[in-house]
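*Asks:* Letter by letter, the chains look like this.
2 protein chains.
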Amino acid sequence: MTPELQELFTFLAFPSVSTDSKHKQDVLSCANWLIEKLSGMGLSTELHETPGHPIVIARNEHSPDKKTVLIYGHYDVQPADPLALWDTPPFAPEIRDGKIYARGATDNKGQMLAHILGIEKTLKEKGKLPVNIILLFEGEEEIGSPNLAPFLEKHKQDLACDIIAISDTGMVAPNTGTLGYGLRGIACAEVKITGPARDLHSGLFGGAVANPATAVAQLVASLHLPDGTVAIDGFYDEVRPLEDWEREMWAKVPGVKDEDFLEVTGSPALFGEPNYSSAERTWARPTAEVNGIGGGYQGEGSKTVLPAEAFVKLSLRLVPDQEPQVILQKLKTHLEKHCPPGVNIEVELGHDGKPYACDPHSDFGKAAQRALKATFPGEPMLIREGGSIPIVQAFQDILGTDTLLLGLALADAQIHSPNENFPIQNFEAGIRLNQALLEELAK
Amino acid sequence: MTPELQELFTFLAFPSVSTDSKHKQDVLSCANWLIEKLSGMGLSTELHETPGHPIVIARNEHSPDKKTVLIYGHYDVQPADPLALWDTPPFAPEIRDGKIYARGATDNKGQMLAHILGIEKTLKEKGKLPVNIILLFEGEEEIGSPNLAPFLEKHKQDLACDIIAISDTGMVAPNTGTLGYGLRGIACAEVKITGPARDLHSGLFGGAVANPATAVAQLVASLHLPDGTVAIDGFYDEVRPLEDWEREMWAKVPGVKDEDFLEVTGSPALFGEPNYSSAERTWARPTAEVNGIGGGYQGEGSKTVLPAEAFVKLSLRLVPDQEPQVILQKLKTHLEKHCPPGVNIEVELGHDGKPYACDPHSDFGKAAQRALKATFPGEPMLIREGGSIPIVQAFQDILGTDTLLLGLALADAQIHSPNENFPIQNFEAGIRLNQALLEELAK
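So the protein sequences, as listed, match chains Y and R.
Numbers in our numbering are just positions in the first sequence, counted from 1, shifted up by 9.
Numbers in our numbering are just positions in the second sequence, counted from 1, shifted up by 9.
If you are wondering where the hints come from, they were derived from the structure by calculation, not from laboratory data.
Heads up, none of these hints are tricks.
A pair counts as met if it fits within one copy or between any two copies, since identical chains are not told apart.
DSS-like, lysine-lysine: derived pairs with alpha carbons at most 27 Å apart:
| # | residue 1 | residue 2 |
| --- | --- | --- |
| 1 | K130 | K76 |
| 2 | K346 | K312 |
| 3 | K339 | K201 |
| 4 | K341 | K312 |
| 5 | K312 | K339 |
| 6 | K76 | K133 |
| 7 | K201 | K312 |
| 8 | K201 | K346 |
| 9 | K46 | K76 |
| 10 | K382 | K75 |
| 11 | K46 | K163 |
Work out the full structure: start from the sequences and follow the hints.
*Replies:* Below, the structure is given as structure tokens:
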């Protein structure tokens, strides 16, 4: 076993489960191991206590004539349950068929340590790094990073940087360089429709008063045109159109063809905005989804009640350049305008997050592409993702810096599940990728 | 206290709660008391055991040249809980302000005993009744009459009659003769919409596949036009139009003005089919109501899930001459036709019951009106009701006989609630009503 793999095994052996208070000491031990490792590489380190688990910071000696690169990772992991479904114990790493099996192997210890070892290798080979580096490793990503944003605010000056790199997203296919440059935002709302003062007998009163469950359904139906387009007035006003190169690029991305979406979702058919592929629909087009709807009798059989109230929980996924607060107001206006007669409506606006996109053809974007090309065969795949990563948004909002997403996680890595794994090939490629990346970003 | 009230107090003192097995003996004792009472009046009696509580039958000596009248009632009562909310114990009747307070006072012992005592009085006064009488008293009405229909089937011949009378419905206002001649029917269905094989992440997949919760809402929205009219093709084909006399009559009925519906329901506004009053909408027009809708996340806050399935429970209220099975097929056709793309639909048809109406201007109807007029001041109110009474349907289906609903229950009688009560005035009027009714029906 290589010394690099040996170190990964040591890192993986810490059961640094952030959500479980009985692992608090393990999370701290893992942070201390990192401090020791990073100090040993000649970096200056800081362990910052938070109300939860500590944040680890490491830097080389910064020079004003060099670019500053911040690399983010997280050393906490998901719980390993259900333990019985693991072929080997989650915190006793094992190699089978070229893959490292352990909790955190891909998410995120394997990807994160590759960056550390890449830096170590460059330092050994060249005596110094081509850039000013800031390593920021948190221990609370799996519980929603509650202390990261306050930390960024507090240390805004010290963390100022030119570009951020994260390896904690997907690689579209084995051995395929993947650069993520966009994420969808989110805007949530809950609607409550109230009608009669109490549940009514649907025989005695049905027909004379509006039914809140019917009304909530009519309201939801008003959100879309039959072709799947969102019908909220002005919803698409700020949507950045897909560029030709994006459509061409995404058509080449493996694993996200329409038939892949059909298979992965198990839906009877695909359905969405006309004239877009599934990847385009999920990566670059906004949506209005019902996350939950309810009202009246929920049990088995029938109960002839005319319910007093009904609700719907909505979340909109947003894309550049939609502004969540603007869209939420448009949604509220739409809902109030389309509320059927005879009922009252309450719209409660919920949490939101801005959509994110950086330019993969900017100088930093091109540098990342060259690093990927140097590390993996073929052209790198430039993708967006449909979900939201609040950390990226926090970096953008607080530090004002773009993030390059250099994902090494394969679709079958079983992250958050039993038998999580990380190919040795990806680990080794990650080390080389870090070396190439810092070199290219320095240019 | 009059001997009649004394007998009602005795009848009310039996805790004949049909749903509670620890009262099984009380229900039986109550039935035996009835047998004793009716036998003592010179009627021939039968106590029929059923798998549940017994059915009591009593008859006078029948003569082929007389009309045969069946009077139905039930001697079982609702549970008295919550006991703490009763001002006096539910099975220790007490008179306050001219009202008898006890469980079953209105529903149905008071109304039922009035018929018995009316017959007794006529027998005492005239030595015989003007009609052949069949008294049918069951002990399972409050648990859905599970053994009544089989009993009717089995004793069809013995129970053959010209007309049925029941006093177990509402009197529209104090001292106001009320004849019910119609009820709505019902037809139930449950719809299940399925989409993806499992709940999906609404960020990763939202936009690419149809959302079953959205689809179920769109399906529900397809059931009505914006003005509240049901949009199912052919839904109104067999609906018997309201007659002019009905609209004129109902406009005079106290307690069912639009403002009364608004107050009783506590709805922010009335809403329903244009050009009908609330009474007309609930008594003579069919509906399509959502009794329950659900799908996706039901808890507090938000969860960004794209649900795998959603459901809606529907019940249609039907009016003459709609056929439940025909309407259910039309509903099914509508739902399948309007199911949005990208999801699968399963429609499960549920229970149904035919609408009911008899002619209040038939010979028997006129006789009932004369009896009401002889008993109460002013013209009797001719009404329908919005709910369904399965017993009336069973009589119609099995015996082929119409039912006259001569209600003595006031809106504030607190039936099924603590402090149920029955005005002495209604009890005494009920006795006179029975005497007049049998006399008029005999003509």
